[in-house]
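Colleague: For reference, the chains in residue letters:
4 protein chains.
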Amino acid sequence: MHIGLVGLGRMGNNMRARLRNAGIEVTGYDANPAVSDVASLADLAAALPEGQKLVWVMVPHGKITDDVITELAGVLSEGDLVIDGGNSKWLDDSVHAEQLGAKGIRYMDAGVSGGVWGKDNGYGLMVGGDAKDVEFAMPVFDALRPEGPREEGFSHAGPIGAGHYAKMVHNGIEYAIMQAYGEGYELLEAKDIIHDVPAVFAGWQRGTVVRSWLLDLMVLALNEDPKLDALEGYVEDSGEGRWTLEEGIELAVPMPALSASIFARFVSRQGSASPTMKAVAALRNQFGGHAVKKA
Amino acid sequence: MHIGLVGLGRMGNNMRARLRNAGIEVTGYDANPAVSDVASLADLAAALPEGQKLVWVMVPHGKITDDVITELAGVLSEGDLVIDGGNSKWLDDSVHAEQLGAKGIRYMDAGVSGGVWGKDNGYGLMVGGDAKDVEFAMPVFDALRPEGPREEGFSHAGPIGAGHYAKMVHNGIEYAIMQAYGEGYELLEAKDIIHDVPAVFAGWQRGTVVRSWLLDLMVLALNEDPKLDALEGYVEDSGEGRWTLEEGIELAVPMPALSASIFARFVSRQGSASPTMKAVAALRNQFGGHAVKKA
Amino acid sequence: MHIGLVGLGRMGNNMRARLRNAGIEVTGYDANPAVSDVASLADLAAALPEGQKLVWVMVPHGKITDDVITELAGVLSEGDLVIDGGNSKWLDDSVHAEQLGAKGIRYMDAGVSGGVWGKDNGYGLMVGGDAKDVEFAMPVFDALRPEGPREEGFSHAGPIGAGHYAKMVHNGIEYAIMQAYGEGYELLEAKDIIHDVPAVFAGWQRGTVVRSWLLDLMVLALNEDPKLDALEGYVEDSGEGRWTLEEGIELAVPMPALSASIFARFVSRQGSASPTMKAVAALRNQFGGHAVKKA
Amino acid sequence: MHIGLVGLGRMGNNMRARLRNAGIEVTGYDANPAVSDVASLADLAAALPEGQKLVWVMVPHGKITDDVITELAGVLSEGDLVIDGGNSKWLDDSVHAEQLGAKGIRYMDAGVSGGVWGKDNGYGLMVGGDAKDVEFAMPVFDALRPEGPREEGFSHAGPIGAGHYAKMVHNGIEYAIMQAYGEGYELLEAKDIIHDVPAVFAGWQRGTVVRSWLLDLMVLALNEDPKLDALEGYVEDSGEGRWTLEEGIELAVPMPALSASIFARFVSRQGSASPTMKAVAALRNQFGGHAVKKA
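Chains as they are written, first to last, in my numbering: chain P, 1 to 295; chain Z, 296 to 590; chain U, 591 to 885; chain W, 886 to 1180.
Mixed in with the good hints, there may be bad ones.
To be verified - The calculated lysine to aspartate or glutamate pairs, modelled on EDC-like cross-linking and capped at a C-alpha distance of 16 Å, are: (1) W:K1179 to U:D815; (2) U:K817 to U:D786; (3) W:K1178 to U:D786; (4) U:K883 to W:D1110; (5) Z:K522 to Z:D487.
Said to hold, decoys possible - Residues from chain P that face chain U, not an exhaustive set, calculated with beta carbons under 8 Å: (6) A42; (7) A46; (8) E246; (9) V253; (10) P256; (11) F266; (12) F287.
These are calculated hints, taken from the structure and not from any lab test.
Don't be surprised by glycine CBs; every beta carbon is placed ideally from N, CA and C.
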């Protein structure tokens, strides 16, 4: 099989390597000529074998993905298949599908999990689209997903958009699990009788109810920096966490733990500049004459 | 009526003034001789008229209140009445009642709300104890509480401990209301189309569903400092908020809003030193190679 | 002054009464002919004095408001002014303003708070629009708002949309304050030593930090039904709470208390059908053989 | 090695089997004679070899554990070692250690995780106590813990109490992870474009960031009952979750996600009887005339 891959950043580059290792021929395109196999998307399209060409898009969501889709609509042909494997919002998928569909080009969305470890471990995949497109692209999915039973590292979640939707929910869950370990870590660190927090985390890796891949990563992090002294408690959030919460609001799904995780990240970036807490401080000062901290 | 008042800090001093304005004779004692009317608790007891002496205790909760109670047990007599009006934990009340009761001395607890405004506005009172003690002390309660119908500024919540318990819950609610205004304030501040946040708050004082005394205080604070620039978003918490949450846990009462308010205060004092968020940052870095902020 | 009022439901009907009491002539239109003063919006427009006609719209947000705006665009003239006083989403305002503006018709949005009490107490108003339109409509605002200083019951929050935005935030705060009292109520109810919960709430009305109009309403409710036995713990949510949370997500404003209030409402409508808690029950059963409750 | 084991319920019975499989001789005692190897704790003590006897206690925490410790203090001798492997509160450990220590009997606490799967997979262990006692009991720990490196399934967390403390935090984290999967599950179930929720969960088992043992259990549960129709959303909570939250309050550790998980369980047991939501419903009715659901 010979496919096109658009976007050769950290993720795309790793995926190209994994695909080639699995025997799939990959022509890659990136806006950066230093890493690109071809000079343009037109060249990419031309490089692929006639018949049903498959192009996997792996670029930042939003405008950049929109632009790539628009350009692909111009260089691909009826019956070709585009798979957006980036972190696009699920609502973008129907737009992209329609745009490509106007030219008879097929579309699928794929949520991809695994981060920098995916190159070696394989990527967890959740896809949305038509069954026959899923079938056609299956050699690519099989190359990207981890070894083991297909259904343990791959799912066909539903029609177009369902793959990114499932990935979005995956990331919402991920946020809350990270927050859970974080809160537990802080409590253990705060308690005088716990003499060896890294050992406690390490000892949770086998046999316990809380063992997980994220726990394994926590152990790695604590091995490198047992008190996490080198870090600030400052955490960005990507789109998926917010979108998950938006969907919870839209569908009246209570999300106390997921929302707590997202808000904790918002707060982490404010520090003592939090307007909410300035207001609370102002109120305490007004009614109680409580001391406040002046800026 | 002539009563004793132990503790002449900001609250005690204001209360003495309000009581005297209402025609109640007050002999005050404070560890600080500069503000004290008498030299010792023994002198305080001696200064009160024979019969059922009434001593109101208004000192910091914990060890200081414990010590005052112990000392009062030595200088008062059977039938006298001690009222703890400080912010003692409700569990302390039965201990103090028993300690004094061994000498035949009566005991009541009184939760007092109103802060620095109480001197002029009167204090909201919630008391715990026996009905006949409530009746005996009523002139004092009537002097301290706001004008208007007694039942709108005073309640006999239950037996010993119930006054402090009701005050504890009052403060838990207070935390959450302050947090609510704070979050709304932050959102208004963050929104470009809201040109005059202080005007919006001011305009909520009449007719709206959210009008309240705390809102009035927010308006005062914004009058003084429209952007709250002079403050840091750093807020202490006193015992009552934590105790309220402990009781919620004990009695299986879900407290998502109250707990959120307390945790927001905890976080406000951590800034970028939050171990929870360091752990989350470490995890993101491990799996995604996401950039982290180095300390 | 003589204005038009579209929508004579509970809110509109009360507002017409209050406006007329203040000496403003009101021609009302409602789809229900039984309560309508005129037969159509065209008749309403015709009934108003030439010059700058003012029409206040007070119908359910969404499609019904959209339709009224569309119809008003056809029957009003350049220079006339439409004020949407309903609970429209702030994003709708710029659409409506543009639609009317194409005909030279002016537009303002007004957030209105006060519920069924507004007829007698006056309504808290937050408006968005141009200063000269605010000035023109001021007699209407003055008639609707509570007595007292204008700036305590009325605010000009910013340009078009700002009035509904401020009202949206108002409602978000309202949700959290209600939740705060609810949680405090539940804890008091759960505690054996609190013998008279209604008395405690009643006694908070004067002097305390938590006194508010919502507290007064809580006292009224407990007067009618001291244990709230007649009610189910089932609470709907209207759009504003959700929109507030959406905006918090969009603007990275942490909203732990507001979100908790909204999620509590979502949960209140699920009971034992909560899929989240079914999943948690399933997990406990899997790892611990813990007993679960079968449907 | 030959040890005593007190408590042959589900956990104790499984542990006896695992210990015996590992070549450790076990004399078990249970209050139920049908499953007990000996008739009394005195017989148990007598059955163990002279020298440093080791008795592992595996009974419900609280009074039952207290009673067993008291009785063991009477039948064991100086230098013997008691290990409490049950779910005791960490504060109980110093009491038990002192009680036994008065007779020269040694004490350790062990947090044990793994549930019904521990018999085959091994149990994750966190222990508190002196290093020399840890060393003496290591053959027992090695038999109980999972295969693989010792430090991945066992930790010596600190002095007496630290084992149960670490296990308490483990369970707090467990609650939040379960809640995270639950919220994600509910959102996927609520979304029309997700056609196969069990397949999505199954596909997360390999390669994804959220893979974990609890996820594997979720897959097992969905295999048995794809819609979880057989369950009610009703979840008990055990002591550890509450204690974790109490400790967070005590040590000022913000716990938004952990507390959310616990409160969700509290709410799950209330349904429409929630007093908080009755109060919120009452308030809405008061100010807005909003329809309420009558009991």
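Colleague: Each hint should be assessed against the structure and marked as holding or not.
Modeller: Going through the hints against the structure:
Restraint check for W:K1179 and U:D815: the C-alpha separation of about 12 Å stays at or below 16 Å, so the hint holds. Proposed proximity of U:K817 and U:D786 is supported: the alpha carbons are some 10 Å apart, at most 16 Å. For the proposed pair W:K1178 and U:D786, the alpha carbon gap of about 25 Å is over 16 Å, so the pair is violated. Only pairs whose Cα atoms come within 16 Å are accepted, and U:K883 paired with W:D1110 is accepted, the gap being roughly 14 Å.
The straight-line distance between the Cα atoms of Z:K522 and Z:D487 is roughly 14 Å, inside the 16 Å bound, and the hint therefore holds. Evaluation of the P:A42 hint against chain U yields a violated restraint, the C-beta minimum of about 38 Å exceeding 8 Å. Given the 8 Å rule on beta carbons, the hint for P:A46 is violated: about 42 Å separates it from the nearest Cβ of chain U. Among the interface hints, the one on P:E246 holds; its C-beta lies about 6 Å from the nearest C-beta in chain U, closer than the 8 Å criterion.
Using the Cβ-Cβ criterion of 8 Å, the hint placing P:V253 at the interface with chain U is satisfied: the shortest such distance is roughly 7 Å. Annotation: P:P256 was flagged as interfacial toward chain U, and the flag holds, the nearest CB pair being 5 Å apart, inside 8 Å. Because the beta carbon of P:F266 sits about 4 Å from the nearest beta carbon in chain U, less than 8 Å, this interface hint is met. Interface restraint check: P:F287 against chain U, minimum CB-CB distance 6 Å, threshold 8 Å, status holds.
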